[in-house]
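Got chain A sorted already, so can you dock chains B, C, D, E and F onto it with the hints?
Protein chains in written order, with my numbering: chain A, 934 to 1242; chain B, 934 to 1242; chain C, 934 to 1242; chain D, 934 to 1242; chain E, 934 to 1242; chain F, 934 to 1242.
Just so you know, the hints here were simulated from the structure itself, not pulled from any lab data.
Warning: the hint list may mix true and false statements.
Identical chains blur together in the list; that is why a pair holds if it fits in one copy or across any two.
As the list claims (entries may be wrong) - Dumping the calculated BS3-like pairs for lysine-lysine here, alpha-carbon to alpha-carbon at most 25 Å:
(1) 981 - 1002
(2) 1103 - 1041
(3) 945 - 1042
(4) 1178 - 1041
(5) 981 - 1103
(6) 1029 - 1064
(7) 1002 - 1045
(8) 1166 - 1041
(9) 940 - 1166
There are 6 protein chains.
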Amino acid sequence: MSDNNVKQRFEKIVDELSAPTSYLEVCHEHYEDEPMPSIAILQEIVEKCRQLIFPGFYGFIPINPTTLKYYTGLLVDQIYEMLVEQVLAGLCFSCKQERTVELLMSRKKLSKQITIDFIEYIPTLRANLSKDVEAAYLNDPAANHQGEVVFSYPSIKAICNYRIAHYLYKLGVPMIPRIISELAHSETGIDIHPHAQIGVSFSIDHGTGVVIGSTCIIGDRVQLFQGVTLGAKSFPLDEKGNPIKGIARHPIVENDVVIYSNATILGRITVGHHATIGGNVWVTEDVLPHARVIQGRSRIEKFIDGAGI
Amino acid sequence: MSDNNVKQRFEKIVDELSAPTSYLEVCHEHYEDEPMPSIAILQEIVEKCRQLIFPGFYGFIPINPTTLKYYTGLLVDQIYEMLVEQVLAGLCFSCKQERTVELLMSRKKLSKQITIDFIEYIPTLRANLSKDVEAAYLNDPAANHQGEVVFSYPSIKAICNYRIAHYLYKLGVPMIPRIISELAHSETGIDIHPHAQIGVSFSIDHGTGVVIGSTCIIGDRVQLFQGVTLGAKSFPLDEKGNPIKGIARHPIVENDVVIYSNATILGRITVGHHATIGGNVWVTEDVLPHARVIQGRSRIEKFIDGAGI
Amino acid sequence: MSDNNVKQRFEKIVDELSAPTSYLEVCHEHYEDEPMPSIAILQEIVEKCRQLIFPGFYGFIPINPTTLKYYTGLLVDQIYEMLVEQVLAGLCFSCKQERTVELLMSRKKLSKQITIDFIEYIPTLRANLSKDVEAAYLNDPAANHQGEVVFSYPSIKAICNYRIAHYLYKLGVPMIPRIISELAHSETGIDIHPHAQIGVSFSIDHGTGVVIGSTCIIGDRVQLFQGVTLGAKSFPLDEKGNPIKGIARHPIVENDVVIYSNATILGRITVGHHATIGGNVWVTEDVLPHARVIQGRSRIEKFIDGAGI
Amino acid sequence: MSDNNVKQRFEKIVDELSAPTSYLEVCHEHYEDEPMPSIAILQEIVEKCRQLIFPGFYGFIPINPTTLKYYTGLLVDQIYEMLVEQVLAGLCFSCKQERTVELLMSRKKLSKQITIDFIEYIPTLRANLSKDVEAAYLNDPAANHQGEVVFSYPSIKAICNYRIAHYLYKLGVPMIPRIISELAHSETGIDIHPHAQIGVSFSIDHGTGVVIGSTCIIGDRVQLFQGVTLGAKSFPLDEKGNPIKGIARHPIVENDVVIYSNATILGRITVGHHATIGGNVWVTEDVLPHARVIQGRSRIEKFIDGAGI
Amino acid sequence: MSDNNVKQRFEKIVDELSAPTSYLEVCHEHYEDEPMPSIAILQEIVEKCRQLIFPGFYGFIPINPTTLKYYTGLLVDQIYEMLVEQVLAGLCFSCKQERTVELLMSRKKLSKQITIDFIEYIPTLRANLSKDVEAAYLNDPAANHQGEVVFSYPSIKAICNYRIAHYLYKLGVPMIPRIISELAHSETGIDIHPHAQIGVSFSIDHGTGVVIGSTCIIGDRVQLFQGVTLGAKSFPLDEKGNPIKGIARHPIVENDVVIYSNATILGRITVGHHATIGGNVWVTEDVLPHARVIQGRSRIEKFIDGAGI
Amino acid sequence: MSDNNVKQRFEKIVDELSAPTSYLEVCHEHYEDEPMPSIAILQEIVEKCRQLIFPGFYGFIPINPTTLKYYTGLLVDQIYEMLVEQVLAGLCFSCKQERTVELLMSRKKLSKQITIDFIEYIPTLRANLSKDVEAAYLNDPAANHQGEVVFSYPSIKAICNYRIAHYLYKLGVPMIPRIISELAHSETGIDIHPHAQIGVSFSIDHGTGVVIGSTCIIGDRVQLFQGVTLGAKSFPLDEKGNPIKGIARHPIVENDVVIYSNATILGRITVGHHATIGGNVWVTEDVLPHARVIQGRSRIEKFIDGAGI
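Isolated chain A, as found in the complex (with noise of 0.2 Å):
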């Protein structure tokens, strides 16, 4: 930029973009000595679970009876560490009380209650995710091997970061929970809202378009294919036509369900237990234990001139 006229247009963007009535709607305000929650260090927190709990299958982790403890002790520090100050950011970031220095220092020591309490669930991770894992392995006759699946199944991601997500959620921590779970949706295209409560043994095949809205209901040993919606059908409005928050409006799936790929059901119903529903199919209403639901025969016809459609 040599000329004047340049120099003088970037100065005004600067200026511009550095002004408060600019910035300040699509800031967030953020007080001196109170973390942010961070995406990269979030993303930092999931992985290192993973290769916690997973030791070998990501990341650089020895499997090695002798040394084994030294990394785990380290990882789970590292863990700690990163994740008191991201609770920390998720308490602070909505908070509208004021400022005081006694507000800072009890919510430091909160944070670190709850994330030694999260660090305390790790074992039972590992374990409900071991049993995903099985379930996925037992589901699909593609699988060769539980190492496959950890190693290939983008489910796995995504469930190991709901199941971390909704843990945190319901330790009481804000916000973080959320960009938790939107990390495996960018990473797996299979959104499960952390709200959502997910029995045992819980599969998805290929997961790409999955969604799972947050006051879902998911039993145990339930098994879904990829682009599964489990939605809202409607959402009542307040007297400013805005949807009212926090209403049970997503669906309650029973124990031992199949759902195919690309089937929609919406609304606060419930698919009863052993129910398989099939793909491609629109779903509003009650589904019967043990039902069979398949979407309605396609029109075939013959045609000659291969043409467009």
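What follows is chains B, C, D, E and F alone, placed relative to chain A:
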């Protein structure tokens, strides 16, 4: 590779791959002193735009009234420098003219003009994205906070890339806009062609699998869900049997339309204002304003034995 | 973590996670001197293959007739060195034999043979991908340039990974091909099993949500759109109620077939040559050559009040 | 490490190294919430100071009147943020007081005050270094350009670190100045104690091996060459036989003195203004103004056989 | 490089440099499956040893009684893994034997034995370095704190590398010790040959230019200053006129000797215990215990005109 | 920085540092489209030259007759590309001419010519350095292997940089050679001016503190030890009292001379062939061929009390 036979095979492979007959089909002919479009640099430009537009959300900018202008100025300058190069790369990419010093000089000048024009658009871009964030927040009962939308809604990333790419397309930049929109597609599963026209307060929930074709025209306050396709129905063929390029072939979606998950709208049809398209439907004809289109009812049958479908 | 109680909890967690009863279920048993499959290294191998095949598009290779052969040779050598290690890792991964020096030596030799065989395939791979690029360009009226296809069509990445993975599978490498195809799935939302067979001039437009199962056989000049599933209809169960592995259960798609977005084709059926499958349909029976299958018409009704559906 | 014996040895070593009896002697006792001095961060601070002071020479700052202020502001802010932490680390490092929240709070406040005071000194620092550069240029017939001095004279780096460190020392920061001066020593072989006092237009040619002790007082326009030692002659011992700390024991060098290579000046003596000290001499007594001190003549002898000496 | 002539020159240069006649003189003949000594890896090993020995000073280890053992175990394991490879590289480096699988296997085993022996020495190394730190602290009136010595005395780095290198030399490792000592030389300007023998509580102040030759024997509590040479006086030549290797030719320095800056002590002489050698002297004959050697007095003359010397 | 006062101080500092009156003295005036000399890039060029010249010693090049030419070609190309830019930067650095497109074009062409000339010199450079390595090996009884010299003798790095820098100087490149020689000075403590002339088989043992001035002329087979200065005795002053630049003022050292540690040779004198200069001497007059110069004997006295000197 120790023995002689392997050595010979190795050299033969390299020679084969280095032969013009092998690589000319698949490489881009590149002139000295002309930059190449770079996916990595374009990703960096996009990330810096996001940092600039939403201070504090993407990356490390401290929100401090004293220092924000320095970070802003720096980001603007870095975006400028990188984008000048990429715009030039785009201008050169498919150029068939003979290369001269004058041509290169005039293109360098043009790149700088285009880039400063783009930079000048960023305050408007911020204002538009702010409205998109607000729309997503109001439309989704699961969203607790506008900041949550910025942090964890993939649609914001996709729309941000789209608005950047679309503006560069309007400024006459070839190639680069398409790469920018594909970057968002890979990140979010949302595929918006940069040539599409999209109004204000646009929202996409979940988003995976959304496709918006190149000649789409979308009004204001339109709301999409995951898996929606706004595509072409058929492609008129030229005399060689190949699709004719550049014909308007995607839907017009008027203001205040809602389209639910996995719906497919094909062809140069118009979806009238305030219409609602239900999930999983297939629409290839005009839809009247305020109309409501839903899928034919699925066949449901009781079923005892749970094995397969 | 300052106080004593936290210290005790912390140590207890680490001890629990380091106990064989906790980790043996979820780790891969790994022998000294045997490499582990590494997702990160495989990603690097894939990226170097892409750089090699399409010089100038992915990464930094200057297209200069004088120097191209050095870059080519270097990439070939780097791919060779990394792949030898990963092929060996694949061979060792699920091996149940007792470990001996001889076994390791013979596997190292085998890894080198397989890898040089793979390297020798790269010129053919380049030629095949060149045809895939051409097909995408000809089939999509929105594409202005073959270079645009390479730069911005996710299907090219997905098909590239598929062709690499499939060839490694044919050379007898376990585990590794599946990880390579999942890398593309994560990047593009396109999930092609490496065991599937796919002919020349294959194209996928947009691609998010495409699933191609492991026993699929796909002919030449086949064209898919986003969300297409070529899946299994049902899985015969063994005496324990688990799916029997290895049975042909996915469609055969003959030459010159077009399958539009979100169609679901299930089971070991045959879609005859030149057939067209419309969007969002569900097909579980054979389709005749030149046939055209489209969805049953949606129910449309006028609607005054815009609230919900 | 496979066999049992190695395992036992390995664990024994780790236990031994982790035992407080082993590490307490050599570690720094560190309180939670207190930062540690970090050599790496201090190096980064120094590099940013150099970038700030000499725009365009160290690192990437574009010298553009439009954008320079953004880069300047950014660097100042980054230096500020990092230095606040390091000053705090220095204040805490050797503190023996009992830790309280109030103590930490007051130290954090003090760190910020000291750091802003330091930042305010940077314009003066730049002016002083500019004179040092000019002196080096004028004194060295091999220098063609002041820019050459900035780019390639190690003394500029060493004097820059010294002036930074000395100012921090004057502001009352413990520990940190000494680390900063050692960073330059490692880079340049020039060892200037941060407590020394040095006037304007100071130059050192080549510089390797120069040592300037902690109680030195050096006037204006002094010029040193490589290998010069301004050291202590002897150290008065305390009753335990250890040197007494804090006594003035290094030379006073008045204005306009030149000291040639490898000269050694020891003890609290005064080298008078305009004196010249020749190379390789050993001086332990006062030198009068304008005096000239040179080495006793070497013995020279003819010698036929070239083997050894 | 566009024109043809440049292309030809370029290819000719590459061919020339790739010709065995050009590179065989200057490359190290390297066998497949044998690692090469790596300066970068050795630097990393040294840095990890420093981190391990002085927790908290070099790099990021938190000093926390709960977690220190995990960091310790991790560092020990990483040092072990990297050093096994480098010891093997050293064993192979100058080997002239014919290569067999058995030879390589036995060397791998030997590398592991040597490395575990070295690891076992680390607690002793820490104790010895702790005494060196104490000696530096006591000898230097400018040092305020033992922590200051660890943070900012280059001699500690140099002695640390020496003690590591010397132990590896005693364990029979070729080549590697010499590289490790040169790493410290480059960092600190202190050049200690790994074959030299040095007692406890060794200190070097400032240190730039210190050289300690390979056959030196240095007692306990010896104190050196910068620029001291403990070198060889002459080298007996063989019949070809080249120095004979391996003859004791450097000084023996007994306990409690102090040698001031830039003194040069040459040949296989003995400096008796409690002797003091003054700065800048040249000593080639035995020095008695308790003796004091100082330089002949310099010639001093008054001097009016300040120009030159 | 929260309160208002700090904000004002902060902004004042940035404004002061951004004012042309502050920065114009210390920045390099830089024209758009002209590259700046970059210390970091020059370091990378030097490292790539070392990798190229000594394959396998510096960095990762596998010594494999099949692949070496690819690595060689790549390195040559990378050195070429980076060096063209740096040569151009050097040509522009101190240019006072008015900037025109033609000037820049002709300089770009010149940079390419100079760089290809330099590249053509690399085979000779390798041959010369090979002789320097051999000389170091033969002269030092502590060296066991020529490979040890390459791996661990700092003089090889310093001489390598010198020979690179000297050739660039002879090709007419300003500024860049001086930076390259300073890079070696910082690494090794050996300071060789790029304008000095040095013959074949040159060796420096240990090397810290060696200074070789810009007008030195050094013959073949010369051998130096640490701390040797080949400097200027006095600098004739111009009418302003500043040293006159460009006068021959450093020693001529003829073939086969040995100069021992810390000797200082000053002025335009000649040290005759086969002369030997002892350690720590100060020489300012011609030395005859085959002469031997040693230091005057030190005063030695017995001494009882060990305190100080």
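- Using 25 Å as the alpha carbon limit, work out where residue 940 and residue 1166 are close: within a copy, between copies, both or neither. Neither. Shortest intra-copy (53 Å) and inter-copy (49 Å) distances fail the 25 Å Cα cut-off.
- Message: At most 25 Å between CA atoms: does that hold for residue 945 and residue 1042 within a copy, between copies, both, or neither?
- Response: between (45 Å within a copy, 21 Å between copies)
- Indicate which option fits the pair residue 1029, residue 1064 if close means a Cα-Cα distance not exceeding 25 Å: within, between, both or neither. Result: close only across copies, 23 Å inter versus 41 Å intra.
- Can you give me the call for residue 1178 and residue 1041, within, between, both or neither, at a CA distance of at most 25 Å? neither (29 Å within a copy, 42 Å between copies)
- Up to 25 Å CA-CA - residue 1041 versus residue 1166, copy category: neither (41 Å within a copy, 53 Å between copies)
- Message: Cα distance capped at 25 Å. Does residue 981 pair with residue 1002 within a copy, between copies, both, or neither?
- Response: both (15 Å within a copy, 19 Å between copies)
- Pop the pair residue 981 and residue 1103 into one bin, within, between, both or neither, using alpha-carbon distances up to 25 Å. within (21 Å within a copy, 34 Å between copies)
- Query: At most 25 Å between C-alpha atoms: does residue 1002 with residue 1045 qualify within a copy, between copies, both, or neither?
  - Reply: Intra 23 Å, inter 21 Å, cutoff 25 Å: intra and inter.
- Task: Measure nothing new, just compare the shortest in-copy and cross-copy C-alpha distances for residue 1103 and residue 1041 to 25 Å and report within, between, both or neither.
- Result: So residue 1103 and residue 1041 pass the 25 Å test inside one copy only (18 Å; across, 35 Å).
The structure fails to meet hints 4, 8 and 9 from the earlier list, while all remaining hints are met.
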